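Residue numbers (the numbering used here): 1439 to 2012.
Derived from the structure by calculation, the hints contain no laboratory data. Be a bit skeptical, because a hint or two may be false.
[Claimed, not checked] The calculated DSS-like cross-link candidates involving lysine-lysine, where the alpha carbons are at most 25 angstroms apart (straight line), are:
no. : residue 1 : residue 2
1   : 1542      : 1472
2   : 2004      : 1843
3   : 1549      : 1576
4   : 1716      : 1700
5   : 1668      : 1576
6   : 1576      : 1566
7   : 1700      : 1542
8   : 1576      : 1542
9   : 1542      : 1571
As the structure is a computational prediction, the values presented were derived from the model and not from experiment.
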Amino acid sequence: MARPNDEVGALLQEYADLVAITGGDAYRARVYEKAARSVAGYHADVSTLDAAGLRRIPNVGTSIADKIVAYFRTGHIDVVEELRAKIPAGVRELTAIPTLGPRKAMVLYDKRGISSVPELLAALDAGKLTGLKGFGPKTEENLRHGIELLQQIGSRVHINVAMEVAEGIVAELSAVTGCDRCTYAGSLRRMRETIGDIDILAASRHPQRLMETLTHLDAVSEVIAHGETKTSVRTTHGMQVDLRVVRPEAWGAALQYFTGSKPHNVRTREIAVRQKLKLSEYGLFEVGSGKLIVSKSEDEVYARLGLPWIPPPLREDRGEIEAALAGELPTLVTQRDIRGDLHTHTNLTDGVASLGEMVAAAAARGYSYYAITDHAPNLSMQRMTDEKMLAQRAEVRALEGRYGKLRLLHGTELNIDPDGEVDWGPEFLAGFDICVASVHSHFTQSRDEMTKRLLRACENPYVNIIGHPTGRLIGQRPPVEADLDAVFKACARTGTALEVNAFPDRLDLNDECVLRAKRYGVKFAIDTDAHAVAHLDMLRYGIGTAQRGWLTRDDVINTWPLRRLKAFLRKGRS
DNA sequence: GCCGTTTTCGGCCCGACTGTTTTCAGTCG
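Whenever a hint applies, use it, and build me the whole structure from the sequences.
Below, the structure written as structure tokens:
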């Protein structure tokens, strides 16, 4: 079952879509959309709030608050049911097709009775769309193509996949003569966990050269749009890449605009409007005279709006504008703050590099400390034994001091069994410097069982970090069902850190849970869970997720000096 | 339907590109 906030958020979003499809007031649709996001991102459980409490959520007024109250009382919202009865679910699904929005979806349903993707495909094949207003030959072709893409690709890719493509393109474009600056923007710059398309921004007085270079790259399979300042292509991986070229003096305004998010930009533009200014990708202008005020750097643009520069991972309209206005933006944790990795493997279990190779790589990264945490015996396929573990500890101790200031911690990644027990008893556990504990099986326990299981692990005085706490694999396995708020509370109380696992297909906890857990006073460990030397570089994605969760250096135990870290790892034991 | 440095009504972000139009609507970001 989804968290009540997500449930209500999804319902409000559905209502917004249905209002848009039925040609309802566009502003009303927009308000429901905003409310959907506010509710989903709100820290408190909305099912526990009364109407007055609900109205304190931004963009929720009397009408929406009453609807939410009714939803929890009756299990449904009347107006949503009414529109659902009028518009089949398939019509809303049609709008997932690129170039097909709510208006056209409604025309298809109204005039041709089409209410699903297969029906649309059949209608196209049968030529049933000819003569329909707004549906010329080119539109038909676009629809076919859109359906194909939708079926082929699904939608988004893991952030590391997009990052590699983007960094490659940025490097190619940066080398073009006349290219002043070039960088990626959009959701990639905001470090979202998955990426739909890649936004590249460049500054140049010769945009055509850059456009031409992009369209002729080997990795480009199709040119979607090709204009004066904007070109969109699709790569051979199926990713869409949008390139915008602006004049160098507009760099700051353009970067701010193309970084988004859209809701964040709506907020900054509203602030501009209130000051009789107009903000666009070309700059910040005076409304009356049209005079350009600033545009060179993001810093300038935010400053003129009365705001400090806001780090991209915060730009989601999740309270960053309010925090910025109040001078309360967090100083986000950065990769430079990280003093060591606390969850890594070697070829003693399922890693591919030796202890010596991993430790040398850690030293090369300039870490102050580094934990080796191979799997414990209950993950039986890894064939761990007490003897092997103790032998590894001796090897670790022997390496100590070999790499200058690098201190080594000998640890393990325990399995949290279905009852919440772990591999060893207190005597053996006491010999480790650090213990990560993770769920590796029985992912589909009931919510109650899973909650108890995780709580019991937190209560174990030797468990320091809950590894990849929800067990999700992005696009493959859903997060476990558990009362996460109860887990967060227990972590804060017992001095158990939650992991922000940096592996791009995990990113677990995710940004929203990190933000929620932080409110309980939980501490975090940003770890790579590296199984190979190259995996140590995945840290950047964990950092991005932590930043999106508003974490500061103080929230993250592996930014702390070793002394402070060791005190935390004792977990109140004498 | 929400909200208030425009405060209980009247606003609500802005621009590029496409396709089907013959002056603009729809979609997207």
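Is the hinted pair residue 1716 and residue 1700 satisfied, with a Cα-Cα distance of at most 25 angstroms? Between residue 1716 and residue 1700 the Cα gap is close to 16 angstroms, so the pair holds against 25 angstroms.
Are the Cα positions of residue 1549 and residue 1576 separated by 25 angstroms at most? holds (19 angstroms)
Does residue 2004 pair with residue 1843 here, judged by a C-alpha cut-off of 25 angstroms? Roughly 16 angstroms separates the two Cα atoms, so the pair holds.
Residue 1700 paired with residue 1542 [C-alpha distance capped at 25 angstroms]: Measuring from Cα to Cα gives roughly 23 angstroms; hence the hint holds.
Does residue 1571 lie within 25 angstroms of residue 1542 when you go C-alpha to C-alpha? holds (10 angstroms)
If you draw a straight line from the CA of residue 1668 to the CA of residue 1576, is it 25 angstroms or shorter? Distance of about 21 angstroms is within 25 angstroms: holds.
Tell me if the straight-line CA distance from residue 1576 to residue 1542 falls inside 25 angstroms. holds (14 angstroms)
Does residue 1542 pair with residue 1472 here, judged by a C-alpha cut-off of 25 angstroms? Measuring from Cα to Cα gives roughly 23 angstroms; hence the hint holds.
Pair hint residue 1576 and residue 1566, alpha-carbon separation not exceeding 25 angstroms: The hint holds at about 15 angstroms.
Hint compliance for this structure: every hint is met.
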